[in-house]
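Visitor: If you read the sequences in order, they're chains E and W.
Residues 1 to 450 in our numbering are what the first sequence spells out, letter by letter.
Residues 1 to 450 in our numbering are what the second sequence spells out, letter by letter.
Bear in mind the hints are in silico, worked out from the structure with no lab data behind them.
Watch out, some of these pointers could steer you wrong.
If several chains are the same, the list does not tell them apart, and a pair holds so long as it fits within one copy or across any two.
In the BS3-like style, the derived pairs of lysine-lysine whose C-alpha atoms are separated by at most 27 Å in a straight line are [stated by the list, open to error]:
no. : residue 1 : residue 2
1   : 22        : 367
2   : 85        : 34
3   : 142       : 120
4   : 354       : 364
5   : 250       : 285
Number of protein chains: 2
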Amino acid sequence: MHDLVIIGGGGAGLTAAIKAKKTNMDARITLINKESVSYSPCSLPFVISGEIEGLDRISHDLREICKEDEITCVIDTVTSIDVKKKVVKVGSGREFPYTSLIIATGSLPSIPPTQGIDLKGVYTLQWIEDAQAILEELRAAKNAVVIGGGSVGLEMAEAFIKRGIKVTMIQRSGHVLRRSLDPEFSKMVEDELMRNGVEILFNTPVKEIRGEGGHVNAVVTPNGEIPADIVLFGVGAVPNVELARNAGIKVDEGGIDTDDLMQTNIDDVYAAGDCVDSMSIVTGKLMLSQLGTTAIRQGTVAGMNAVGGYVTFEGVLNSMVLKLFDLEVGRTGLTVKDAEAEGIKVVIGTAVGKTKAEYFPGAKDVKIKLVFNALNRRLIGAQIAGAEGVAGKIDLLAFAIANNAEIVDLMKLKYCYTPPITPSHNLIVLAAENAFKKLRRFIEVRKRRF
Amino acid sequence: MHDLVIIGGGGAGLTAAIKAKKTNMDARITLINKESVSYSPCSLPFVISGEIEGLDRISHDLREICKEDEITCVIDTVTSIDVKKKVVKVGSGREFPYTSLIIATGSLPSIPPTQGIDLKGVYTLQWIEDAQAILEELRAAKNAVVIGGGSVGLEMAEAFIKRGIKVTMIQRSGHVLRRSLDPEFSKMVEDELMRNGVEILFNTPVKEIRGEGGHVNAVVTPNGEIPADIVLFGVGAVPNVELARNAGIKVDEGGIDTDDLMQTNIDDVYAAGDCVDSMSIVTGKLMLSQLGTTAIRQGTVAGMNAVGGYVTFEGVLNSMVLKLFDLEVGRTGLTVKDAEAEGIKVVIGTAVGKTKAEYFPGAKDVKIKLVFNALNRRLIGAQIAGAEGVAGKIDLLAFAIANNAEIVDLMKLKYCYTPPITPSHNLIVLAAENAFKKLRRFIEVRKRRF
């Protein structure tokens, strides 16, 4: 009899459990999670904004889900893994022997050491309890400060605005989303936030968080004090690898080291989700992914392989889409910044178009940027921003990158068209044609050098 | 000096002219068109529905467009082509010698021989004058009959409803869009039309169109008479090839025969758009495409090649999307019916999902069907219907077909996700996983036979 134990019931762990059961009906599967609720952390900002009514709408009883799929669910905290004895121990003292193990311990919010972070009213948004506490507190709040310009920070800035709270974002660098987007796309996001009332302080470090009676009342920067009834840190998350490291499992650039079967360096121990390092499909190098989509795919691979299936994980492109007020912004693969850091010579294709036929009422602007490797003409990255339809295009371009598409392949795209929902000239084709023209120039410039 | 003459200023001809000029700045380009206005015929139903205010919004002066691009524009009707002398003659008697020629004569509405088709109030929708006439007549109309269930017929049924006119569709076969969709997807379109007040008579031939005082007042079927102040034939279009045929240019299955450079069988004579036969990317066989997107791409290829460039045309997938009331429906490649007719063994992947995270307010159903060749696991067709986001997915799947994607490639799609606009489980991935499971069954069934 095969005993699969899974540590963590988030996107990676729960997916692994369900896929394992479907792959091997005879396997006994035990899922250990410290919370008894299952939810998508990505949904929390939208409950806080009021767009989704209440946390009940997004959370389910993990035990109920497990029961349906004949998975044993244990609500407890894992305290140690013994990879020699092949046993997992939990807080209550119980031990769970395993034939194979999946570690899906997720990530922990990253909080830079700052005076005042322990004050009441200072939050990160990682767990459902964080959302609960913020929801309770925002009724009385008038001023919010968001520290950091990652996706959670941006979504929370919008959420506070939608609750009628004044929002100041403090951004250490010169742009929001600077790890995901090139500056001109970050700028579009910033403009959309500011247009909707978010104040953004760029290139501004946080000196201190100040409070009164144990509760935050201001954030101090070199330029002065910003009143704050509520402070949210949205500066990212770090892989939760302590348990794995203590068990002697190899940890790489921050995350657990896994191969293409999602196996760690220890036999029969797999890992998936926010706690692992992933390989970039473009560069072949390790990177952090920490996306729900990556967790689902890695959970699928780990779950199937851990019970005798065979699936390989292909790597990540960090395809991402955000909706901020009336702007959708998406990206996949490498930005120009990323490519330059890798020493890849690029050719850029850009285009500006409309969301539908330009003469159709309600047609809005969309902007696209395709990044190609200039030497082999392959697509390596894309960024899009506009009012709608961004997600489908990002998915297409991610598929194109993963399948080694070249400029001409995109120029030949067999796209569909109808005036009320798409323009007659496809934005991706236009951007590819733009890159093609520049590539000819690029080749001519090279020729002239000889 | 290179003289390029282009016959026809629609999607194919005008694109050819512009791309030719960009490819070869020294070429002298003459565009001959019988109308002095340029417009997208696909937009006409939306002017008739009132969604676009007036024909002025969608039409431009062709001569102005040509002037901007230094293209000579001649408003006249071509009467003959002399491929030996390399001269085109127009109605006014003028002759245009050419170095290379592009025929982009488009299509003509197909009207089955029926008694009463010459009555006033009986229309097809091909030219802007048709739209003008219908717009004038619909003010007084109470009952409209649409004959045929092609895309124009369906869009016109919606347009009449939006103008407060009672609509009856007469459908010779058992389903609308039966050449584009499998029955269950046709059914979704029919349900949406009926839900919005369109009456559809299936398996019903038209016996006669009846009138009084020279104007239509009823359409007669074997089951009775349907009152009609206005009748629209939406039964498709046939390639306009008379001019080419008279000049001795080879015509295939209805359309002009072209190679992958869009060359006809006569030296230096190219053809593009609705008047040509196209190759299916999936089957490698000739078929009609007659889509604006195909016209643009073929016009690009013909235009560039006709002035010394080199581009190949890759064939068609007939990617299509329609918006009918609150339903978007799209398709690309082969339907199951098509595949069966070709003798291709298929495995189907289906999935039903939501347009955004299922807990997000406003999430609506989307249904997808992927058709794979069961023997090489390649994607050969797709159909999607839902409230939104259909076009982007169809484009992705068309790209996947054209690039020989297999089931596992789609299972590995690096899609993006954010609750307000996409679900955490991508519909394409779910459908590919569904096909993969069935394929395993398919293989097991084959094994058991031996």
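Visitor: Indicate, hint by hint, whether the structure satisfies it.
Guide: Hints versus structure:
1. 22 <-> 367: between (42 Å within a copy, 23 Å between copies)
2. 85 <-> 34: within (23 Å within a copy, 85 Å between copies)
3. 142 <-> 120: Within one copy only: 15 Å inside, 68 Å across.
4. 354 <-> 364: Cα proximity of residue 354 and residue 364: in one copy and across copies (5 Å, 24 Å).
5. 250 <-> 285: Close inside one copy (17 Å), not across copies (55 Å); limit 27 Å.
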